[in-house]
Amino acid sequence: MDMASRNSSKPKLIGVVGVGSFGTAIANMLAEKNEVMVYARKQEVVEEINSNHTASGKSLNPAIRATFSPEEISASCNVLFFMIPSAAFVEVAQTFAPFLHPYHLVIHGTKGLALNLPKGESLDEVKKLHRSQILTMSEVILQETVAVRVGCLAGPNISKELSQGQPAATVIASKYNEVILEGQRLLRSERFQVYGNSDIIGVELSGVLKNIIAIAAGALAGLGLGENAKGLLISRGMVEMVHLSKALGGSVQSVIGLAGIGDLVTTCNSVDSRNFTVGYRLAKGESLDQILDSMEEVAEGVNTIRIIDAFIKTVGIRAPITENLHRVLFEDLSIEEALQFLMKYPFSVDVDFV
Amino acid sequence: MEENYIKHRYAPILPKKDEWPVVKLARERKEFVKKVADLAEGRILGLTGKNPDILKEELETTLYREKLRVKQNPWDVDPDDESHFWGEVKSSLLQINTDTALTKAKRLEAYQEVLQRITSRYAEEIASNFKASHYKFTRSVVTYGFARLLNAARVKGFKSIFSNQYTLQDKIQITGQTDQIRDLATKGTIVMVPTHFSNLDSILIGWIISVLGMPPFIYGAGLNLFNISIFAYFMNALGAYKVDRRKKNMMYLETLKTYSKEAIQFGCHSLFFPGGTRSRSGMIESKLKLGLLSTAIEAQRANYQQGITDISGKIFIVPVTINYHFVLEAPGLIQDYLSITGQERYYKENDEFSTSYKISKFLVKFFTKGSDISVSIGRAMDVMGNFVDQEGNSLDKWGRLINTRDYFVSDGKVTVDQQREEEYTHMLGKRIVEEFHKINRVFSSHLVAFVAFELIKAKNKKLDLFDLIRLPEEDIFLPYEEFKSACQLVLDRIFELKAQGKIDIAPHMKRDMDAIIAHGLDNVGMYHAKRPLIKDKQENIVTEDMSLLYFYHNRLHGYGLEKLF
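Protein chains in written order, with full-length UniProt numbering: chain A, 1 to 354; chain B, 1 to 565.
The hints are simulated quantities; they were obtained by calculation from the structure and are not laboratory data. Please read all numbers here as calculations on a predicted model, not as lab measurements. Heads up, some of the hints might be wrong.
Simulated crosslink set (EDC-like; lysine to aspartate or glutamate; CA at most 16 Å straight-line) [what the hints assert, rightly or not]: (1) B:136 x B:19; (2) B:413 x A:178; (3) B:30 x B:88; (4) B:187 x B:389; (5) B:530 x B:481; (6) A:58 x A:297; (7) A:12 x B:514; (8) A:10 x B:411.
The whole structure should be built from the sequences, with the hints applied where relevant.
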């Protein structure tokens with residue numbers, strides 16, 4: 001129980017949990033100024049990092065040490081970046097819970113949602129989905145662990161560009177100024193700007209919801225449509241994001257910011273984005289199962305569409321892009337029909353949220 | 001009895017009065033007041049960034065508001081020299097403002113001197129006048145006097161519903177975590193946070209604390225209660241310090257918070273009504289006033305800063321709910337509530353508890369007729385809302401030991417971060433509200449009022465609350481059988497909630513439905529001139545006062561029971 005002596009014993013490292021492409025990019029950026037430890041679940045990945053300084057082929061700063069022990073990384077670090085897909089997030093949070101303390105600052109970079117359902121139930125069984133049954137990743141951390149000083153990282157941050165050292169910016173959102181300041185201190189560089197935002201739910205939702213629009217953008221590209229259509233989609237997509245974000249407890253401002261519109265524009269133009277790719281390949285005639293089977297990392301947007309579709313049907317609001325993508329992905333509607341439907345949808349007002 | 005109520009007097013946990021923190025504080029009153037004044041001064045200086053212009057503005061705002069208050073809203077309890085004091089402040093400020101020869105530093109110094117006069121005055125005014133001898137006397141008056149009243153009434157033949165013995169504890173039942181709070185009170189510092197429906201609560205809680213064998217708690221009582229000399233005597237005796245709700249200026253609020261924080265750090269067990277004032281709507285408080293609550297968190301952090309990491313420096317938050325069949329002030333409270341929510345109009349705090357006559361009348365009624373009260377003591381939590389074990393260690397949701405100090409640690413050190421502590425205060429507020437709902441005890445009267453109001457609402461779907469309340473009472477009636485089956489529906493759901501630990505139920509709720517309804521109708525708002533709910537000659541359920549019915553109905557707000565209709 002004697003935290004006082006343990007805390008002051010030796011300087012702490014910065015922890016990164018998860019070494020996917022985004023986790024690796026962030027770990028490398030953090031390693032420019034700090035000593036970094038990363039956590040990977042698989043022992044072979046840990047060995048690869050410690051001996052080759054690569055993670056699944058992506059190169060890692062040689063100073064970075066890896067561990068597969070949640071206990072070790074929790075004890076060695078005061079600040080932890082959780083960079084894991086949403087599907088594994090709850091499980092990882094539970095794995096870490098016994099080793100986290102209230103002094104830990106936890107910042108996550110996951111753009112997905114989790115469900116808060118009774119054990120054994122899934123989205124297939126519950127017909128309705130209320131807000132209280134949907135968790136953003138910060139809400140998962142608060143529910144599963146004793147960490148309270150929680151933040152998130154969101155914005156147009158394509159891993160490949162970050163790794164090349166191209167200029168970019170991100171948003172750190174947290175209810176705690178302390179977390180924002182710490183995030184800025186750790187990540188800010190000449191090539192990387194870090195903004196702060198206290199509306200953590202709004203920022204998380206921005207990153208989550210933009211994945212839906214990214215799939216639609218990929219589909220448009222796959223259909224061979226041009227820039228007019230893309231402009232239309234981005235603008236309509238933003239309106240939809242604003243309404244959904246408000247319904248889920250975020251503010252309009254955050255959607256208009258870097259983590260919302262900023263990330264939306266980037267993702268809708270990025271052929272490397274996983275969500276974009278899903279839409280693109282769908283439009284080229286592949287089935288969802290075929291696409292998902294051949295992808296290395298998850299496309300968060302697919303799961304997000306399922307959750308948001310169930311939510312809007314429960315609370316009785318409309319979100320035409322999400323609804324139609326849901327029909328394409330899970331109800332055998334063709335992309336062309338969905339597009340037809342959207343073109344006929346009575347959007348009478350251009351902007352109705354400001 | 002279906003359930004064991006705590007019905008014996010506990011041995012005092014600190015037999016010697018001299019060891020009571022509140023007695024120690026009273027002994028050092030002068031030094032303590034000075035310390036509070038100085039610390040408050042420092043805080044305010046910090047808030048103004050030691051900028052003489054900002055400080056000047058704050059001083060002038062305070063002066064303006066205080067002069068306005070003295071003129072427009074004077075109370076008996078106000079000291080005679082008030083306008084003189086503020087007059088002097090005014091002329092001092094004027095002098096400094098016009099003295100162009102002063103350097104910036106000198107001006108700050110001059111303003112600071114005025115500030116010091118103000119915080120000293122406020123600190124002196126807030127400080128309690130606890131006297132142990134008065135406390136003892138009051139306690140015996142309350143218990144002995146009330147018991148006499150009770151027995152006298154009994155001889156005349158009034159029949160109480162539950163009891164054959166005539167002590168106060170038959171009227172007022174204490175349930176819940178009584179052993180834990182007693183135990184922790186010997187080891188650390190308790191901050192008790194009860195729900196607040198009636199002015200009687202202060203005295204009631206004071207009595208409960210003494211029954212549980214704990215030394216007196218200090219608490220902030222509305223200064224208006226000190227207007228009545230008999231109340232003032234009681235309040236002083238119970239360790240009350242004074243909270244003047246008319247003074248909303250920053251300097252007063254900072255002094256008040258400093259007082260509360262320092263008293264907690266001193267080791268005085270404290271009592272806050274976290275709703276701020278009595279619940280106007282009759283609902284369990286859902287939005288708490290966070291001002292005083294934040295002082296518990298600050299005091300905890302300050303203890304850690306000073307290196308007190310053992311249980312002696314630990315602060316425990318104990319939620320308490322007080323459950324009534326009847327709230328004397330209900331008619332006034334609900335009118336306030338309706339006029340505040342109905343339209344934004346200026347509203348003046350009214351004071352039905354204003355005369356000794358009304359109070360005595362109520363007390364006589366209370367002790368001679370039925371109407372029980374139960375007080376539920378919740379599980380103790382740390383200032384972050386984590387439950388604690390027997391040794392006062394905090395536990396996370398899975399029962400793992402955690403260290404509360406870690407919440408205040410950055411980079412291995414305890415740090416002061418006001419913004420962080422504001423967020424923590426919000427979190428604690430939410431936890432307290434959650435616990436209130438869990439330990440709230442459903443009475444028969446709550447059930448019948450809730451069901452009747454919801455049925456009437458369901459029959460008038462088009463009407464909003466205000467039109468609903470204006471419905472002519474003579475047009476409203478509910479056939480008994482319909483009412484009974486709706487009661488059963490709600491009660492079944494309440495039992496489900498109880499099984500999930502989300503609510504508590506009084507023992508009389510285990511009878512059959514006809515008996516519960518009869519008991520509820522007998523008790524709901526029983527002393528009001530117009531009864532919220534009665535059975536008429538045709539066996540229909542009718543109301544004489546819709547707004548009162550709404551008030552008593554609100555007690556079960558916040559459990560989603562409305563969805564059943």
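Which of the listed hints are broken here? 3, 5 and 7
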